[in-house]
Structure formats: C-alpha cells, structure tokens
Amino acid sequence: MKKRLSPYLTHEVWQVLFGGLLLLAGVLAERFGAPGPAVLAVFLVALAVAGYTVWLDAIKGILRRDLLDEKFLMTVASVGAFVIGSYAEGVAVMLFFLAGEYFEHQAVARSRKSIRALMDVRPDRAIRLSDGIEEEIDADDLSLGDTVVIRPGDRVPVDCAVLDGRALIDAASLTGESVPVEVGPGSALSSGTVCRNGRLIARVERVADESAASRVLSLVEDANEAKSRQENFITRFSRVYTPAVVLAALLMGIGVPLILLWTGHAPGWTDWLHRALTFLVVSCPCALVISVPLSFFGGIGGAASEGILFKGGNRMNALAHVKTVCCDKTGTLTEGKFEVRAITPAEGVERETLLSLAASAERNSTHPIAAAIRELAPAAPSPASVEERAGRGIVADVNGRRVLVGSKKLLAEEGVSMPDGAQGSVFVASNGQYLGSLTVGDAVREESRDTVARLRRHGVRRIGMLTGDTEENAKPVSDALSLDFVRASLLPDGKYKAVEDLIAERNGSVLYVGDGINDAPVIALADVGVAMGGVGSDAAIEAADLVIMSDKLDRLPKAIRIARRTVSIARQNIVFALAVKLAILILSATGINTSMWLAVFADVGVAVIAILNAMRALRVKRL
Amino acid sequence: MKTKFSVTGLDCPNCAAKLEGLIGKVKGIDSAKINFLSEKLTVESDLPAGDLLAAIREAAKAFPDKVTIDAL
Numbered sequence: 006m007k008k009r010l011s012p013y014l015t016h017e018v019w020q021v022l023f024g025g026l027l028l029l030a031g032v033l034a035e036r037f038g039a040p041g042p043a044v045l046a047v048f049l050v051a052l053a054v055a056g057y058t059v060w061l062d063a064i065k066g067i068l069r070r071d072l073l074d075e076k077f078l079m080t081v082a083s084v085g086a087f088v089i090g091s092y093a094e095g096v097a098v099m100l101f102f103l104a105g106e107y108f109e110h111q112a113v114a115r116s117r118k119s120i121r122a123l124m125d126v127r128p129d130r131a132i133r134l135s136d137g138i139e140e141e142i143d144a145d146d147l148s149l150g151d152t153v154v155i156r157p158g159d160r161v162p163v164d165c166a167v168l169d170g171r172a173l174i175d176a177a178s179l180t181g182e183s184v185p186v187e188v189g190p191g192s193a194l195s196s197g198t199v200c201r202n203g204r205l206i207a208r209v210e211r212v213a214d215e216s217a218a219s220r221v222l223s224l225v226e227d228a229n230e231a232k233s234r235q236e237n238f239i240t241r242f243s244r245v246y247t248p249a250v251v252l253a254a255l256l257m258g259i260g261v262p263l264i265l266l267w268t269g270h271a272p273g274w275t276d277w278l279h280r281a282l283t284f285l286v287v288s289c290p291c292a293l294v295i296s297v298p299l300s301f302f303g304g305i306g307g308a309a310s311e312g313i314l315f316k317g318g319n320r321m322n323a324l325a326h327v328k329t330v331c332c333d334k335t336g337t338l339t340e341g342k343f344e345v346r347a348i349t350p351a352e353g354v355e356r357e358t359l360l361s362l363a364a365s366a367e368r369n370s371t372h373p374i375a376a377a378i379r380e381l382a383p384a385a386p387s388p389a390s391v392e393e394r395a396g397r398g399i400v401a402d403v404n405g406r407r408v409l410v411g412s413k414k415l416l417a418e419e420g421v422s423m424p425d426g427a428q429g430s431v432f433v434a435s436n437g438q439y440l441g442s443l444t445v446g447d448a449v450r451e452e453s454r455d456t457v458a459r460l461r462r463h464g465v466r467r468i469g470m471l472t473g474d475t476e477e478n479a480k481p482v483s484d485a486l487s488l489d490f491v492r493a494s495l496l497p498d499g500k501y502k503a504v505e506d507l508i509a510e511r512n513g514s515v516l517y518v519g520d521g522i523n524d525a526p527v528i529a530l531a532d533v534g535v536a537m538g539g540v541g542s543d544a545a546i547e548a549a550d551l552v553i554m555s556d557k558l559d560r561l562p563k564a565i566r567i568a569r570r571t572v573s574i575a576r577q578n579i580v581f582a583l584a585v586k587l588a589i590l591i592l593s594a595t596g597i598n599t600s601m602w603l604a605v606f607a608d609v610g611v612a613v614i615a616i617l618n619a620m621r622a623l624r625v626k627r628l
Numbered sequence: 013m014k015t016k017f018s019v020t021g022l023d024c025p026n027c028a029a030k031l032e033g034l035i036g037k038v039k040g041i042d043s044a045k046i047n048f049l050s051e052k053l054t055v056e057s058d059l060p061a062g063d064l065l066a067a068i069r070e071a072a073k074a075f076p077d078k079v080t081i082d083a084l
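Listed in order, the protein sequences are those of chains A and B. Reminder that position 449 of the first sequence reads as 454 in my numbering, one-by-one numbering, no gaps. Reminder that position 45 of the second sequence reads as 57 in my numbering, one-by-one numbering, no gaps.
No wet-lab data here; the hints were simulated from the structure. Predicted model only: the values in this text are computed from it and were never measured.
Short, incomplete list of chain B residues facing chain A, as computed with Cβ under 7 Å:
hint, residue
1, Cys24
2, Asn26
3, Asn47
4, Pro76
C-beta atoms are modelled at their ideal positions from N, C-alpha and C, and glycine is treated no differently.
This is chain A alone, in the form it adopts within the complex:
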C-alpha cells in the first residue's frame, strides 16, 4: 500500500491534472496547425494517462464476461471517438468520467465518515474495580456482575446499575435528549451515555455486546438492508437501463448505417457512430444508483443521532404517509405520575383541613393517588389506625376522628350524605360529615400539546389515545390535547382490536406508539409500529418499525420530518438524473446535439448534484 500525502490527493487527481494539461496541449497544437501525427500522438498520450486505470479494470470486466461493465463501456466510448477522429472528445470523456468517479468516492467516504462519527457511541475502555484495585480494561472484557468505576467525562462502558455515587448523566448521543438526568444508587445506566460530573460505582448488568450502544449500532447497520421503494426502483431500473442503452447504441451505430447502405443511401458512418458513442457515455446509472441509497443512509444515520432508529428505508416510506396516530396514554402523552388537579372543599370546610385529613389517612398507602395527595400536605400527622377497603378506599383514625377517603360508594356505605353531583376522584368525610373531594389525574406532559400540533401540521389527520386507563382519567387528557378519539379501559387485546379496526378503515396508514413492554403485538400489527424508551426489550425492537430511544413523544414529529425529507431527496435525485439522461439520449438520437463533451459534462454534473443533494439528508438537526 502506498502512503498518501492527503486523502484527497489520490492518483486520480494526478491523472485528471496531467491528462487535462495534455488535452489542452493537443487542442492548442491542433488550433495552431501542428502536423496531424504529432497532434494524434499528444491526444493518445493524454488518453493513456487519463485512461490506463480504467482500461485495467475494463480488462478484468471482460475476463469475467461482463460486457456491460461501466469501465469497459467508457473505454469503448473514448476509443470509438478516436476511431472517428474526435480525439479531444475521446480524452474528455475519460477525464470527466475519472473526475466524476473521484468526486463520488470522496462524497461516499465523507458520508461514511460522518455517519461513523455520529454513531461513535461505543466506548472501548472501562475501569474495573476488583478488591479495591482499579484497572483499565477493554469494555468487551467486562463480565456480568463486575464492578466498574465511571469518572466525570467517561462514557458508560456497558449497561449497568449504580451502586454508589451521584452524577448527572448526558444521554444526548444515545437518545437525542439534551437535558442531563440525575442518577444515584439503584439507577440504571445505558452504555454510550456520558457521565457529566460525579464519580459512580456501578455493577455490570449486560456485557458490552448486549448493551444499549452496541444494539443501537447493529440496528442502524442492519437498517440499510431493508430497502426503500426508491432504492428498489433504482435497482430494477439499472438492471434494464444499461443493456437497453447499449443495445440502442449498437443499433444506431451499426444497424442504421447498414440499413441506409442496404437501401441505397449514403451510410453516414461517422455521424451515426458519433450518436452511438454519446449514448455509451450516459449508459452508466452509477450516480443514480449511489445517490438514492446514499440519501437513505444519510437520513437513517442522521435520525439515529437524534435518538430515532429506523429499521430500514422502507419504514421511512411508510412513516412519510402516516395519517392516523394512536398513542398509549401512560408515559407517552402524560408524565405517568399522578397529581392533585383540583381540591373541592364542601361548604364551610377549610381547604387545609380537607387536605391534611386526607393526607393523614393516606399516609402509609402505596397507591399512586395516595402519593399525589401526600405531596401537598407533607406535615400531616400519622393515623392511629388504618383499614383498607379493597377497591373503595381507606377508613382511618386520625387524632380520634374517623376519616373516610375513597369512592362515593365508600361514603355511601358509611352513611355519609353528599351533595348531588359532587365531582372528583377521591371523596373525604370525617365523623360522618362530608368534607369535600379531590380530583387526581395524570399530568399531561408539557411537550405533548406542541407534539400534537406538530403532528397535525405534518399532515396527520387523526390523533387518538388507546389506553387501559378508565374513561374518567383518559377524558381530561384527551380534552387537554384536543385529540380526535379515545378508547379507554382497553385490555392489551382491546388495543390490538382497536388498531385492527383503524387499519380496516383504509384511511391512510396507521401508526401506533407504545412502550413495547406489553404491547409488542400491537406495535407489530400497526402499519408503522413505534417503540419508545430505548432498546431494552427484544420483543419491542423485533416488532417495531421505529425505535425512539428517549421516552419523549416530541421525537415523533421529528421522525416524520426526517422521513419525508429523505424520501423527497431520493425522489428529486431520481427525477432529476433521469430527466438529464433522457434529454441527452433524445438530443443525440435526433442528431440535434451529438457532442460527447456536452453529454459527459451533463452526466457527471448531474451525478455531482445528485450526490451533494443526497448528502443533505444527513443534516437533520434543524428539522
């Protein structure tokens, strides 16, 4: 292997440079009337300088009986140009072809590099702590149950659980979520996240290969195997295109003159051959074949850097056409944490009395609603005794008062009379007297409203909620977000049925977002299944079309934007490149323009533009 001065200064550059100078010399020599053989010699040397590497590859192509090899076709085109006396064009074809190849290689290498950099979340070193001694080892060498030390600035080497220490963890490279999270003993850490400050001691829960960062990488790598519609089109198209163009060139360059000769006309060999060679110049669909998958490669890689993992280009097509979005409520639209939303004391009762008594009664309860009530009256005294009534509530002795906290049913059973139409989730009474009610609900996430609005802007027609929660709890969330439909009190198979019905309506494709823990079948069923909250569950990843690493729904509109733009970039490239090729074919077949200069310039130009356009797909930050 030769050592290179710079990755950009490959020998192709020298070939183009020297070939170009020789071409110029040849053109000048011709212009100033140098003798014919001298001019030919200069052009021949120019062709050899520019073309020798292509010729070598062409020979290999012939040896494997691949006569449609692009190198072989380019060789035929340039040599053909010499045969009909168009020396300068012959050299130009080779030079432009080489320059185009050089550019393509650089662009592809650059894209690969940026994606690798984006995906560089895999830590390779780790500090293992054994018997009080710290040693730096390969992250791959960690085993389950080992203890590791994570210092400020370190990347978490494997999935692990914090044993000791507190720190802020930055998961941006993995989840796209920029706000750091505070962790302490018991917290789970994902590999690839970064410890901002603080020193942590943690126990290894998964080996390196099974940890989050590795799973994300392999998911993204495999993603390129599920091809998009556009990629499949290009593959099928290129299989037909080259043979068709070459056949047309043969007919035109040899067939037509023979027919003319046969029918007693002047054959016009030079003119027809010229047209045929121009065909060969645009016979390679390579730029197109690169630019389309390159768009998806970029789009998928860019999305991954935002914590959005597409399982393939085809999933981008599907996501771009989503018309209905169904969300699971808990944890996607809401915080998954209860809070007291309204306090309604009965007439003549103090707010504080109501709260304090309710909080005392709920003091030792593990129910999530109890926690929400306690939060508002942390100083409430402990009850002397507590009796739980399953499904109804609590009867407690607080400072000698008999306090009831629970459903209307509980109060009715205990003979407490309530005003008609009392509203709330929990009702409170003391010594037989009604004190009032508390309304407890799951808090709607701050960003949910904005997310819903953005989804609508992106052309989603219906947004709804499928939840196992009761109608009473679901309704306020749905109202707050003005959703289009709510199905409450659904068991997991009920969600399945609901999505099945939505799909059966054939009203555009249906997307379902869930946490993937117990709704994997629903995720698999939906036209687009989205698993939120990372790569934790195998079943969810298997079933999902899209995995969102964070547990925030605001990634969803972003995912749609990325998918839409990627698909549209791929389409632009197909239309633009095909239009230019077709134009050249028509111009040269009709004899309006048979200049190989123009053909090769347009063909390489469109390739460069298509590739630059494709590289745009990688930039998703501002979408």
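Since the structure of chain A is already known, use the hints to place chain B on it.
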C-alpha cells in the same frame, strides 16, 4: 451460519451487486449480501471460517485489485 466481512474499494452499488452475485454462486455459500454504504458483506455458509474467506477472495479476484475483503 451467518458471517460478516468488511469489503472496501468498491466503486458503486452496481459493482457491489455484481460482486454479491459472484460470491453467491460460490460452492458452499448459500447467500451473499453486500451493503455498499456500510462496507459489509454478510455471507450464509457452512464452510469453515478459513476456507470461507479464501473462497470469497478467490471469487473477488475477477474484480479490480483495490477491492479487498477482510474478516471483521
């Protein structure tokens, strides 16, 4: 069994598809897939690891010399 290799030096996905076809035809290899952009070759075969790489390289000889295939 599925094995992955690195493939570098290919010019375009077209050439990748051709190489893929050639490797897929090798005796003892059930299927071959090249991902041009991530530069990975995935082969399904029951050949022993050493023979497999040699067989793949033999098939790739028909391609320009800059095309190299290595174990990951």
